[in-house]
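J.: Protein chains in written order, with our numbering: chain E, 1 to 235; chain L, 236 to 1076; chain D, 1077 to 1199.
Check the hints yourself; a few may be wrong.
Pair by pair, the computed Cβ-Cβ distance ranges are [unchecked claim]: (1) D:A1190 to L:L265: 53 to 59 Å; (2) L:D870 to D:R1085: 49 to 55 Å; (3) L:W671 to E:F54: 53 to 59 Å; (4) E:F54 to D:Q1079: 39 to 45 Å; (5) D:P1083 to L:V936: 50 to 56 Å; (6) E:I45 to L:R742: 52 to 58 Å; (7) E:R67 to L:R264: 48 to 54 Å; (8) E:V97 to L:L265: 56 to 62 Å; (9) L:G779 to D:K1160: 34 to 40 Å; (10) E:A220 to D:V1125: 42 to 48 Å; (11) L:R735 to E:I45: 52 to 58 Å; (12) D:R1085 to E:G73: 28 to 34 Å; (13) L:D870 to D:Q1079: 29 to 35 Å.
One-sided excerpt, in silico: chain E residues whose CB lies under 8 Å from chain L [to be verified]: (14) P34; (15) A37; (16) V90; (17) I92; (18) L95; (19) A99; (20) V107; (21) P110; (22) Y221.
Just so you know, the hints here were simulated from the structure itself, not pulled from any lab data.
Yeah, the Cβ is synthetic: ideal placement off N, Cα and C, and Gly gets one too.
Each chain, written out:
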Amino acid sequence: MSRSAIKRICVLGVTGLLTAGCTGPLSTLEPAGPAAASIALLWWIMLAGSVVLFAIVIGLFTLAFYRPAWLAGISARNWILHGGITMSSVVILLLLVAAFVLGERLVARPLADPPLAVQANGRMWVWEFSYPSVEGPSLTTNVLHIPAGEIVDVRVTSSDVIHSFWSPRLAGKIDAVPGHENVVRLTAERPGTYRGVCAEFCGVGHTQMHFTVIAHPPEAYEQALADAIAAETTE
Amino acid sequence: MNREPERLNPIALHRQLAAIWDSGKGLQRLGAVNHTVLGKRFMVTAFVFFAIGGVLAMLIRAQLATPHSAFMDAATYNQIFTMHGTVMMFLFAIPMLEGAAIYFLPKMLGARDLAFPRLTALGYWCYLFGGTIIIVAMLAGVAPDSGWFMYTPLSSRPFSPGVNADVWLLGITFVEISAVCAAIEITVSILKLRAPGMSLDKMPIFGWYMLVTALMMIFGFPPLILASILLEVERAFDFPFFDPTRGGDSLLWAHLFWLFGHPEVYIIFLPAAGAVSMILPVLARNPLMGYRAIIVALIAMAFLSFGIWVHHMFTLGIPHLALAFFSAASALVAIPTGIQIFAWIATLAHGRPRFEIPMLYIFGFLVVFVAGGLTGVMLAMVPFNWQAHDTHFVVAHLHYVLVGGFVFPMLAAAYYWLPQVTGRLPVFKLSIPAFWLIFIGFNMTFFMMHITGLRGMPRRVFTYPADIGWDWLNLLSSVGGFILTMGFALFVIDVVLQLRFGKPFRRNPWGAGTLEWAQPTPPPSYNFASLPTVDRRADTLDAGRMGAELAGGRGYLGFARNGWMETLAVDMTTGRPEHVVLLPNNSMLPLWTSLAIGGFVLSLLFQFYLFSLVPLALVLVLALSWTRTTGQRADRGPIPIGRGEMAPTHYEISGAPSWWGMVFTLFANGTLFASLLFGALFLWAVAPNWPPPSTGEIGLVAPVLVLLAFALAAGTNHLAVAANRRGGSPLLWLALCAAAHLTAVIVLVWCIRNVVPDPTSHAYAAVCFILLAYAALHSSLGAVFAFYGFERFRQGYVSAVRSLDLRIGSLWHDYTAGTGAIAVILVVLMPALVAMGAWQQ
Amino acid sequence: MKQSPVPARRMIWLVLGHVAWAAGFVALYAGLSIGCEYGWHVMELAGGVSVQRAMLIVLFLATLAATSVIAFLSWRRWSAARTKTAAAAPAPFLEWASFISSLTAVAAAIVSLAPSFVLTTCY
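Work the whole structure out from these sequences, hints included.
T.: In structure tokens:
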């Protein structure tokens, strides 16, 4: 076997393991929308940085234990100033700036072109979705219908205890707090079905309080939503 | 009378001191107040709770090992995981660190006991009874089941109708009393009861760690105590503090809980890091480097850790900028941690490290804790937190931080200090396989959870489907969990074997330079036959030589006098000898008092609200009787303290430990009051369903009357102190002080009954009710203080020189007047605040 | 009784800078929450700066000023203690630690509160 073939097998093996370890219908690391994708990218960057920092700290500590003479030339003052303060400050400042910039992009601030809004209400132990864009009653239980490729603001609240709306492949979670309305902004890049769960402990039915997000092709969205609402009312 | 007692030979001295200081035999053991005895009781009890918490963890892992497990149903599982968190946090970690501090601090600082020995005992009994209530409730099947952070409204009456949540609120508050008592005592003891010459910059670093920790407890626990009281009042009497339909807000609970909850993590970590900072230099054969930098890092860490509380609330819908404040503070806290780690590296690099068992556990600590710290920085990043929050990633992180930052260092500490406690060296090498089982088992259990969490598994689900890729990760976690348990079992066996078969040794097996190794082992009840003088940093002492000298009575107080339990108090900063503290002897009062408190807690739990006044009155009577055995009826002047020096007793000086104890008690109390103010304003600014239906008309007459009464109460007590100082009688002023307090109470109760709207109608009324009730409660206790001062003077315990009882009262009266005035003024202003509320526009 | 050469109240300087930071931190958080309730973020003050933003910046600068003044004063105390050769035992240590601690408070104020200039205030 040639060296390049070994290399290819190794690369495939590692990526295979990584993907096998990271995929799944609820995996934050198999993003299906820009919000989840950028957070996943942040995670991979932080993971790489953490591995390096971990190796440095543990390596230095081990070296200081087994070969103190190698490191004895560095004064305690320099250890603390450079290792303790400078190194960690630089890492932390860079990371904070990156996270703030990313956070700003994800925040549901008002847009010049207001995005589609849907309501999500958590109730022990179901999710009730309704659609202000539809006239009249518009309820779908445990299934949220959105158009693919469009920005959607999910306005989340609760009628009893605190729940949390989370569809990991689309975006981060937002808590459903009684008496308050919180917004999470998400986009499903492609049509498909995405799973979601209640992430905040809410009592005996917490485990079963999951839901589905169905992203329809934009041109078919209105019809699909109308059908879903009609099916709900006839049930 | 003021002649120095004669020097005795070491054995005679030991007999005399032991006769004074030893705890009794048989049932008299229940009256023990000695810190060595109680420190051990704390640690052993905490370890028993650790075992209970561990069994609960095994049940959790058994349930989650496979998908669709039928081992437990959701209701049972909810009780089990709630209890696991509660037991580990409140009944294991905090008491364990308190026990270690109680046991070691006087020994490291060169004192014979802590400042308030009977308070140590009270704290122990409160802890034991509170913990027992919670465990018994679990055995009865009514354990708390709303998660260890008890979010409302899930824990409110409509969604948790059973007694479960009450068990948590009352039991934990009972235990918290013990924690705050211990914190106050530890703070005062570190500041005042040190060896002569031990100025602040010579204190062993563990003293600094514990000083910072204890102060954090004084400011960190009151928010939770307040929140628990408010929630219990809501559950019992339907005051809607957290009910969004009546102007309450569940976010208020989250704020108050995490205001305690995040500092709590550092409260647990710091003592353990302190232990590492004591052990590592000894094994590196090099005094700790960066001592001063570590102290500054600790101070910065203490403050930053309070600026992190919203870190747990990133998904609750708080604006991004607010999250950024907390995110930055959370990330910054890594820097003081880094400073400590690099100080340890420097200490090793400049020393001659040798391998010993504690070092193995320190390696384990570092690997696990650094990993946990790094995931902590990740979680501090807002966008990532939105994904990882409330998943198994967080479960992994918190176990890396808490087990890494507390359990591993405590295991290192156990192997390092067990010889000091038992007087025996280990014989078998079970510690090494135990370490590897714990280390491998731990990482196998919790490393997997990072991945399970990123793959979307939320916390606190009792089962999961097989098709989403969580099954093999959970199975590995469960297997790891059982390996971990075997490791702990081996540790227990090892300790038992050491106790049974360990070889006795003479002194200081590690060659340490701190005072706890200058004692005979196991340590005698009085710690030091005479108190040392410290002239250099107290981790570089020649413990072996000092031990012999001190046993020979050649230090301070190297004699037994009048059967007194004596130790020295020093000037807080310079460490110069200042006065002799006469400590109270063994007593059953702490036990009776904590039983009375327990009776109060149980009558609340069983909703005998009227009956609960009986144990409450009993608590007051017992508390007053604590002082019957303390005090001095004649001025004695300076007495010999050895080495040809003289010092007065603590009754005759201004800054006695009990005076400082009251100062720190009021700091804790003031934090509780500040949290209450925060709650009132928070509900006004943020809660839904405001304005209230009615605001009531309090007018100005009643408030002005109350304010005048408060001013009069505080003023008359100052006049009483002044009259006493001049040698006159303070009795008239004290009577006036009590009368002023009673007037304030009467007017306040009238306001509560007649002016404040029905407190169940809206959070506004409930808050006004509580504010006025707070003032009334403090004022009634003020009357008790005035009465107490009156009696003490009449019985001859107070003189111009011995004015402690009156001056401690003064602190209370001033505090009551200050906070009472703020409470009343806020109640007067509330209608105006309501009129300009944001919802009015 | 003799007065201590290093009175206990000196220890307050160890934490003073951080107390100022904590006060500023709470003030900014409270101001932010109240401003959002009252809609100050949509009230423009001048040049595209909202009332909310202006208030936050003023509070931030006040915190920065308070922590800096404390740091400066503790620096002066430290330099004074350094030149005095006969200072009693923990005094030089206390002054040094107070100075460094105040400096860390300034740094904490900048890093944790400077986002007030840019980040979205009420969403």
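J.: Between A220 of chain E and V1125 of chain D, does the C-beta distance stay in 42 to 48 Å?
T.: Since the Cβ atoms of A220 of chain E and V1125 of chain D sit about 45 Å apart, the hinted range of 42 to 48 Å holds.
J.: Would you check whether P110 of chain E satisfies its interface hint, that is, whether its CB is within less than 8 Å of any CB in chain L?
T.: Given a least distance of 13 Å, the restraint on P110 of chain E is violated.
J.: Double-check A99 of chain E for me: the hint is only fine if its C-beta lies closer than 8 Å to a C-beta in chain L.
T.: holds, 4 Å
J.: Given the hint of 49 to 55 Å, check if D870 of chain L and R1085 of chain D actually sit that far apart at their C-beta atoms.
T.: violated, 28 Å
J.: At the C-beta level, are G779 of chain L and K1160 of chain D separated by a distance inside 34 to 40 Å?
T.: The hinted range 34 to 40 Å holds for G779 of chain L and K1160 of chain D, with Cβ atoms some 37 Å apart.
J.: Is the interface hint satisfied for A37 of chain E? The criterion is a beta-carbon contact with chain L at less than 8 Å.
T.: Interface hint status for A37 of chain E: violated (11 Å vs cutoff 8 Å).
J.: Could one say that the CB atoms of F54 of chain E and Q1079 of chain D fall in the range 39 to 45 Å?
T.: violated, 52 Å
J.: With 52 to 58 Å as the target window, see if R735 of chain L and I45 of chain E comply at their CB atoms.
T.: holds, 54 Å
J.: Just tell me: holds or violated, for the beta carbon distance of V97 of chain E and L265 of chain L against 56 to 62 Å?
T.: Because 60 Å falls inside the window, the suggested range holds.
J.: Does the CB of P34 of chain E sit less than 8 Å away from some CB of chain L?
T.: violated, 12 Å
J.: Against the range 28 to 34 Å, how does the distance between the Cβ atoms of R1085 of chain D and G73 of chain E compare: consistent or not?
T.: Check failed, 42 Å falls outside 28 to 34 Å.
J.: Hold the hint about V90 of chain E up to the distance rule: shortest CB distance to chain L must be less than 8 Å.
T.: violated, 11 Å
In summary, the structure is inconsistent with hints 2, 3, 4, 5, 12, 13, 14, 15, 16, 21, 22 from the numbered list given earlier, while agreeing with the others.
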